[in-house]
Amino acid sequence: MTKGMTETRRETPLISNFSFTLLVAACGGGGGETATARIQSRIVIRDGRVVDGPIVGAIVYVDTNENGAIDEGDVRLGATDEEGKFSGEVNSQHADKPILADLSNAYDTDAPDEKLSGLWRAPTDASVISPLTEYMFREGLSARELALRVGLPSY
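Counted from 1, the sequence shown has number 85 at position 85 by our numbering; the numbering is strictly sequential.
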């Protein structure tokens, strides 16, 4: 599990008892016995921050189809709070996808009169979305490559 993600497990009925009973009865099963087929799904909590200064009101999504745009099927994690923090649940099948911040109704607490717009994107393992993660995403850079490019120490 990477930074910015926690995991919970929930048992989810695959089919209802009633449907299973009908299915078994139709197949010749009987004897009044019922059973429930169950699968285990995992819910992952994705959390982090959207910052330049703290960004308030950005809507954060998981980019399920990894196309760098918000569209139908992307999972909405929630809006950022006064500290730029977000948190939301996503099925584990989408936990390894990039995250997006829609800035269209957001503001930067360091420059509240400045109008924000567009999207900032961040790679899969990010817990922070910022202008630097957008640059990193757009240029296809790793964190190490970004650090080298902008003159920061890399570890």
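Hint data in this document are derived by calculation from the structure and do not stem from the laboratory. The C-beta atom is built at its ideal place from N, Cα and C for all residues, glycine as well. Watch out, some of these pointers could steer you wrong.
Here are the simulated DMTMM-like pairs of lysine to aspartate or glutamate, each with C-alpha atoms no more than 20 Å apart in a straight line [claimed, not checked]: (1) K85 - D125; (2) K115 - D102; (3) K97 - E134; (4) K115 - E83; (5) K115 - E72; (6) K97 - D47; (7) K115 - E82; (8) K85 - D102; (9) K97 - D125; (10) K85 - D110; (11) K85 - D47; (12) K97 - E114; (13) K97 - E139; (14) K97 - D74; (15) K97 - D71; (16) K85 - D52; (17) K115 - D81; (18) K85 - D108.
Have a look at the derived ranges for each label pair, beta carbon to beta carbon [what the hints assert, rightly or not]: (19) E66 - R42: 18 to 26 Å; (20) S142 - E72: 29 to 37 Å; (21) R138 - T109: 33 to 41 Å; (22) S117 - I43: 30 to 38 Å; (23) S92 - G151: 35 to 43 Å; (24) P123 - G73: 26 to 34 Å; (25) Y135 - S104: 15 to 23 Å; (26) I43 - P123: 17 to 25 Å; (27) L148 - D96: 33 to 41 Å; (28) I45 - E72: 38 to 46 Å.
Now the hints, each set against the structure:
Of the pairs offered as hints, the one joining K85 and D125 holds, with about 16 Å between alpha carbons and a cut-off of 20 Å not exceeded. Restraint check for K115 and D102: the C-alpha separation of about 13 Å stays at or below 20 Å, so the hint holds. With a C-alpha separation of about 15 Å, the suggested pairing of K97 with E134 holds against the 20 Å cut-off. Between K115 and E83 the alpha-carbon distance is near 18 Å, which keeps this suggested pair within the 20 Å criterion.
Between K115 and E72, the direct Cα distance comes to roughly 26 Å. Violation of the 20 Å bound is thereby established for this hinted pair. A threshold of 20 Å between alpha carbons decides the hint, and for K97 with D47 the separation of about 13 Å falls inside it, so the pair holds. A distance of roughly 17 Å separates the Cα atoms of K115 and E82; the hinted pair therefore holds under the 20 Å criterion. Note on K85 and D102: the hinted pairing holds, with a Cα-Cα distance of about 14 Å set against a maximum of 20 Å.
Under the criterion of a C-alpha separation no larger than 20 Å, the hint pairing K97 with D125 is consistent with the structure, at around 8 Å. Simply put, K85 and D110 have alpha-carbon atoms about 15 Å apart, close enough for the 20 Å limit, and the pair holds. A threshold of 20 Å between alpha carbons decides the hint, and for K85 with D47 the separation of about 7 Å falls inside it, so the pair holds. Using a Cα cut-off of 20 Å, the hinted pair K97 and E114 is violated, with the two alpha carbons roughly 30 Å apart.
Between K97 and E139, the direct Cα distance comes to roughly 17 Å. Compliance with the 20 Å bound is thereby established for this hinted pair. The hinted pair formed by K97 and D74 meets the criterion: a straight-line CA distance of about 10 Å does not exceed 20 Å. Straight-line distance between C-alpha atoms of K97 and D71 comes to about 14 Å, which keeps the hinted pair within the 20 Å bound. About 12 Å separates the Cα atoms of K85 and D52, which keeps this hinted pair within 20 Å; it holds.
Under the criterion of a C-alpha separation no larger than 20 Å, the hint pairing K115 with D81 is consistent with the structure, at around 17 Å. The hinted pair formed by K85 and D108 meets the criterion: a straight-line CA distance of about 13 Å does not exceed 20 Å. A beta carbon spacing of about 20 Å between E66 and R42 agrees with the range 18 to 26 Å that was offered as a hint. Checking the proposed 29 to 37 Å range against S142 and E72 shows it holds: the Cβ atoms sit about 30 Å from each other.
The hinted range of 33 to 41 Å is not satisfied by R138 and T109, whose Cβ atoms lie roughly 25 Å apart. Distance hint check for S117 and I43: the Cβ-Cβ separation is about 32 Å, which falls inside the suggested range of 30 to 38 Å. At roughly 37 Å, the beta-carbon separation of S92 and G151 lies within the given 35 to 43 Å, and the hint holds. Checked against the hint of 26 to 34 Å, the C-beta distance between P123 and G73 comes to roughly 20 Å, which is inconsistent with it.
Range check, Y135 to S104: Cβ separation about 20 Å, and the 15 to 23 Å hint holds. Roughly 22 Å separates the CB atoms of I43 and P123, a value that falls within the hinted 17 to 25 Å. For the hinted restraint 33 to 41 Å between L148 and D96, the CB-CB distance of approximately 25 Å leaves it violated. Roughly 23 Å separates the CB atoms of I45 and E72, a value that falls outside the hinted 38 to 46 Å.
Checked against the numbered hints listed earlier, the structure breaks hints 5, 12, 21, 24, 27 and 28; every other hint is satisfied.
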